Amino acid sequence: MDSQSLNGYVLVIGSFSMLVLISSFIFFIYLYQRKMLRKKKAFEEIEKLFKNQELQSAYMVIQGQDEERRKIAADVHDNLGSMIATLKMHNDNIARYTSVDDIHRANQLGRSILDSLGSDVRKIVNSLDSSSLRDFGLSSALNQLCETITNTQKVKLTSVVDISKPISAEDSFHLYRITQELFTNTLKHAQATEVRFEITQINNELSIIYEDNGVGFDPILKSGKSMGMQNIQSRVSRLQGELKIQSSSNGSTFIIEIPSPHGN
Amino acid sequence: MFKIFALASTFSIVIPAIMLLRFKKRFDGYVGLCLFVGNSVFFEAIGLITSRLGIHNLPMFHAYTLVEFCIVSYFLFSIINLKEEQAFLFVSLLFIIYLIINPFVWEPLNTYNSISRSLESILLIGYSSLYFYKIYQEEKIEQLEKQPEFWCVAGIVIYLAMGLFTHLLADFILNADTEIETLMTSYSFVHASNIIKNLMIATGIWIANR
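Taken in order, these protein sequences are the chains called Y and W. Residue numbers for the first sequence follow this note's numbering, so the first one is 6 and each next one is one higher. Residue numbers for the second sequence follow this note's numbering, so the first one is 4 and each next one is one higher.
Hints were generated in silico from the structure; no laboratory data involved. The structure displayed is predicted, hence computed values, not measured ones. Errors might be hidden in some of the hints.
[Claimed, not checked] Within a straight-line C-alpha distance of at most 20 Å, the following computed DMTMM-like cross-link-like pairs (lysine to aspartate or glutamate) qualify:
(1) Y/Lys40 - W/Glu141
(2) Y/Lys193 - W/Glu145
(3) Y/Lys44 - W/Glu142
(4) Y/Lys46 - W/Glu142
(5) W/Lys137 - W/Glu148
(6) Y/Lys45 - W/Glu141
(7) Y/Lys161 - Y/Glu199
(8) W/Lys143 - Y/Glu49
Full structure from sequences and hints, please.
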């Protein structure tokens with residue numbers, strides 16, 4: 006090979022290599038930014054879904070409250086209203102009685118009407134106290150959440166919700182938020198295709214087993230930095246439960262055990 | 004023209020060096036980068052002085068390869084959170100041992116160490132690729148162009164890759180009965196990549212300092 010053609014080859018190969026290198030970097034930046042944009046869009050979609058789900062739950066609660074109000078109004082009208090009217094009539098009659106025996110009988114009748122009135126008031130108060138969360142409680146909310154996750158078509162979800170005993174509104178709220186946070190983590194970060202969620206209550210002990218087949222994370226690093234993980238941990242400790250995390254590049258498993266959640 | 008290009012390449016290291024001196028904020032690979040720029044300034048100065056005085060400076064490349072490998076590896080390890088750090092440290096240690104015994108066994112001090120330079124470039128490009136792979140997988144950086152480490156590693160990779168191209172050709176060019184023009188052409192790519200590297204590092208420092 007003569008010197009001139011060698012020089013030409015060096016020039017062409019060198020220039021081409023440089024062009025390829027610089028193009029590779031520009032292409033890398035493009036690929037990365039595109040990936041981040043997709044991730045951002047996916048986040049927005051998930052947020053929107055959760056918002057819709059929350060709105061739906063809120064709507065159901067409002068519907069329940071309206072139904073409860075109608076029931077209470079009917080109870081007040083049918084029972085209390087008629088009893089108060091009877092009591093008023095009875096009170097008007099007392100003024101006409103002249104004998105002590107009649108007054109004594111009327112007084113006893115008045116007392117029995119007042120007792121019934123007190124008993125009905127107690128019934129209505131009890132019904133008011135146990136309205137929304139027991140009617141639209143944890144099981145229903147969790148099933149609805151699972152349905153929302155399935156509808157995203159981002160993961161294949163297998164769920165078991167088996168809560169046999171009533172759980173207080175506050176504990177239910179914490180358990181619901183923990184579950185929601187676990188799903189959020191999977192959808193946002195894990196790149197998982199399959200999720201298994203089980204919440205079961207045996208005797209009084211409640212346990213949650215949550216597994217995904219995502220990329221995993223470092224539990225020690227994440228528990229210090231991630232708001233979501235801190236949120237889960239703080240709720241579990243508030244429920245006086247125990248949280249165990251196992252994570253590898255093949256997926257993550259969360260086991261939450263609550264020895265004795267508060268009942269209603 | 005080639006001389007001006009070569010001088011521009013030599014003095015381009017002054018830009019990131021001055022920026023580092025005026026630097027106020029620190030980032031992950033700050034110490035490694037300072038060592039890298041300091042090392043470049045030192046060896047560019049030695050190279051310039053020895054070539055002006057007509058002193059044979061090929062032995063300097065052996066020392067330069069060793070120091071550069073240690074510093075760039077340190078810089079890259081300090082910005083990549085490696086889980087398998089010990090394996091990489093072991094590979095680096097083996098290569099350092101090779102670089103130390105190389106002048107006495109394979110490439111004598113008075114020859115151009117094209118093999119060790121090529122191997123050094125391949126290893127460091129591999130480490131850098133790991134950095135790019137990590138940031139692509141972790142997705143922690145929202146805007147890549149605002150990440151100082153990214154600019155510095157990108158500059159170093161361009162410099163190493165073009166250096167690798169020249170080192171691989173070096174034996175062939177030096178052994179063939181070529182004219183000085185061919186040699187200059189191949190080295191002009193090293194100079195160009197060196198200027199690009201220094202400008203990219205300077206950009207990284209500027210971004211970190213904003």
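Here is what the structure says about each hint:
1. Among the hinted pairs, Y/Lys40 with W/Glu141 is consistent with the structure: their alpha-carbon atoms are about 11 Å apart, no more than 20 Å.
2. A distance of roughly 15 Å separates the Cα atoms of Y/Lys193 and W/Glu145; the hinted pair therefore holds under the 20 Å criterion.
3. For the hint linking Y/Lys44 to W/Glu142, the alpha-carbon distance of about 9 Å falls within 20 Å, and the restraint holds.
4. A C-alpha spacing of about 14 Å is found between Y/Lys46 and W/Glu142, which places the hinted pair at or below 20 Å, so the restraint holds.
5. Of the supplied pair hints, the one linking W/Lys137 and W/Glu148 holds, its CA atoms being roughly 16 Å apart against a limit of 20 Å.
6. For the hint linking Y/Lys45 to W/Glu141, the alpha-carbon distance of about 14 Å falls within 20 Å, and the restraint holds.
7. Between Y/Lys161 and Y/Glu199 the CA atoms are separated by roughly 5 Å; this keeps the pair inside 20 Å, and the hint holds.
8. This hinted pair checks out: W/Lys143 and Y/Glu49 have alpha carbons roughly 17 Å apart, not beyond 20 Å.
Hint compliance for this structure: every hint is met.
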